[in-house]
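Chains as they are written, first to last, in this note's numbering: chain A, 1 to 326; chain B, 327 to 637; chain C, 638 to 954.
Simulated from the structure, these hints should not be mistaken for laboratory data. Each hint should be verified, as a subset may be incorrect.
[To be verified] From the derived model, a few chain C residues whose C-beta atoms are all more than 12 Å from chain A:
#, residue
1, Pro725
2, Gly732
3, Tyr845
4, Ala848
5, Ile859
6, Ile864
7, Pro898
8, Phe918
[Said to hold, decoys possible] Estimated spans, in silico, between C-beta atoms of each pair:
#, chain 1, residue 1, chain 2, residue 2, range
9, C, Ala686, B, Asn475, 56 to 66 Å
10, A, Ala138, B, Arg344, 52 to 62 Å
11, A, Ser275, B, His598, 41 to 51 Å
Even glycine gets a Cβ: it sits at the ideal position worked out from N, Cα and C.
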Amino acid sequence: MTDTTVRVEAPARPGWLRDDALLTVTDLECTFRTASGPVHAVRGVTFDVLPGETLGIVGESGCGKTTTGRAVLQLPRAQGGSVVFDGEDLRTLRGAGLRRARRKLQMVFQDALSSFNPRRKVVDIVGEGLEIQGMSRAQRRARIEEVLEQVGMSAAMVGDRRPHEFSGGQCQRLSIARALALGPKLIVCDEPVASLDVSVQARVLNVLQDIREQNDLSLIFISHDLAVVRIVSDRIAVMYRGRIVEIGAADQVYERPAHPYTRKLLDAVPVIDESERPATLRVEPSVVDADWAEVDHALVEVDPGHYAAMSEAARDAFVAVAGSAR
Amino acid sequence: MTDENVPDAPLLQVRDLRCEILAPAGTAYVLRGVDLTVPHGRTLGIVGESGSGKSMLLKSALGLLPAKAQVTGEVRFDGVDVLAMSAPERAKFLGRRVGVVFQNPMTSLNPVVPIGVQMAEASRFHLGLGKKEAHALAADLLDQVGVPNAAKRLRDYPHQFSGGMRQRVMIAMALTCEPDLLVADEATTALDVTIQKQILDLLQELQAQRRMAMILVSHDLSVVAGRTDEVIVMYAGRVVERKPTGELFSGETHPYVEALSRAIPRLDMPPHARLSTMTGAPPSVFDPRPDAAAAEREDLERWLSAAGGAR
Amino acid sequence: MSRPEPRAAAPVTAPPTAYLPAAGTGAAGVGGPFGWLRRPKRATRRGKAFFVFGVVWISLLVLAALFADVIPGLPHFSEKIGTFAQGPDFSSLGGLLGTDSVGRSNLSRIIFGARTSLTIAVASTLIGLFIGVVLGMLAGYYRGFWDGLGTIVANALSALPPLIMLLALVAAVGASLWGITVSLGILIADLYIRVTKGAVLSNAQREYVLAARSLGATDARILFREILPNLIPTLAAVIPISMAVLVVVEGSLSFLGYGIPAPNPSWGGMIAAGADVIRRFPGVMVAPVVTLFLTVFSFNAIGDYLGSRTDRRDAQI
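For reference, chain A alone in the conformation it holds in the complex (with noise of 0.2 Å):
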């Protein structure tokens, strides 16, 4: 018996996802309703993130990387595509398995001020998801107790205060302490040292650093500040306008940029060495797509696990010129 159907060609999976990974985003699709027409947010995204890892995204203003971040959480929901985290698509949820599947993804928001409830005490905005769990007081606070001490505070510290009663850099660290509550596997971050000072910046990153130690966490880290974004990150994602440019492991992205994007941040990055941006970026590859940034091109490998948005031939052309820039 002849099969007549036709046979469809499966979708080739990208070749940057891991089968192992915790979080899989896959064809992401956000758009929002405006009153000048429909926004594409966030046009085919697809990402993921192992155990452990922490998957840096960066790119400017309305790149979509802090709508991205928030799709993952489902807040709001993304209007196409796939999250697939800890084997459950997130999309497909509803109601209370949603708010189940919630308590091992959490975020950080990127004002932590606005982020807190202003009327109401610290100590129970930190304890709040645990609350909302059923948790009974006396485990509360132990558990706050426990999360204060990660992020370096302590309840008595803390007090009976409310937010506004503490600098930037304690509001961000009770913002990661509210996360950590809950004994997340992943939190998305999305540009949690933005507004800080260098110096209270630096002491929130090693927080983080920590925290991701001790709790063996995977996270999703949303900057728009390149340096940042580097220290933090195994892989990074660069994106531009709803979409992912450039994709690879930290050092691959930022010592063999491809894609003329990136080439772009990296160049204008002011940086007090210049002996810290890439050596590659003195290289002009011969073919350069002219077109990148308005044309969607396909995310084609470069290096074994970096992945950039560009015609062949514009690839073949960067890692024949590449090579030499050692």
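Since the structure of chain A is provided, determine the placement of chains B and C on it from the hints.
Okay, now just chains B and C, sitting in the frame of chain A:
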């Protein structure tokens, strides 16, 4: 950037500038004796974290603070004692010779007035230009700062410009009276990285073209590092370091500057790197701390804490 | 220029608490459940003086109304204590404000009239508050259908000329205490729907609501434990003002003769009776008019002061 025709006397000279503000919670010692010098045609960078007084320094020196703030000290602009003038005199004098670009163009621009009218204000007030000439000047300036379709865009309102474009408009406004000094107070902080570079490049280009002196104020040491001749670092209302930019880290580095630079992440650091942090916090702005030397000793401990051992 | 090699970090320690603003000092430092009330904001000194006056006046009125029956020496409101339209007679308590056109004590009738006015003002406010806050919260939080419903109801209510609507209602339902109270309550609900919806809208997009949702909070919890407490400052400013409005409306109703029927005295009724004899005895109307004025002024002063204390740049109405 040296020019034989430039006079030797500095364009802006500030001596022992102090600023105290009476607040309900006590006296805020915002500036505790600041000295600085800007020669003609040179660029000064002012770096400091929030609360260090860098913005207040500018506002005090230019006399932009309300009378409630007690500003003492000497500020000489081209030899003229600016603080001794009355407020209207000062406005007329400095408005012509100093152009300022602030951080947030949306709040510096009137949202309900077309930018052409706002730009014309300065030239009509200070230069006495007629309406038509002022508009022509505005269009020319917009063109120079790289705004496409300059003449048409004079009729637009601030919200019709993107962040980078708005900042260009602010720069054009600041340049209206051909100032001798251009001040950029965190002018690029709110902008994207690529736009930031464009604006900073533009500022440098304009400065070279017009032989202006420039002051770049930023919390970001790296912004100031590549684009200035001299850098001063502020901490708790005082200047703790003053050096030619190229020599900031050579020779004896001030402990605070060193601690600060250790806290700044580099593009070539490995993943999960830890940064040096300082323990504690800067002194409260209400703390009088009269003796500069004693204050320095107290803070030293805090700054040196960031020089920890290897992990 | 090259930088010194970055060295490893010192251990993270908790910052000393010495530099935190001491609790209670300065604008930021006032905490506690009523911190929002005690924090210095934009109240002017005159506004504060008016506020104090308003509180005193309303308190006196409330006390007098509550204990009217047991005030020693106060004649009953229907008791004739002298000739009609007498001026103030400082020898007796009843005669303090003079007598009305029938000879009854003005003071007594004002105090007993206060019962009516205040009861209606408070009860109607509560009814309007309940309807308005519920509909407003649903409209502001869920948007969509509820927003449409809330807007239609608010617009419908505000489109009706209040006095005429009331007259119609009263003619239909009868001029009983509850009839009038419920009608007024429904009419004032429009104000509360709008105010609540605006406040909820500005709060529902804040990040702390998003944060609560990410922690697993149900919508009900978010509405009642996160958003509602943040509405209290806004509502605290609106409630006294709506009470002022209601006192005037009730006064108008009874002035027109459609208020609570006799023999209960009412301020509006007293003004109406005074208007009848204004040519010959202008003084009769003075007492109820001044009382009404002071009461409405007091409510407005309280509302203004609370409003200026809680004014936040992002409050929308």
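Hint numbers contradicted by this structure: 3, 4, 5, 6 and 11
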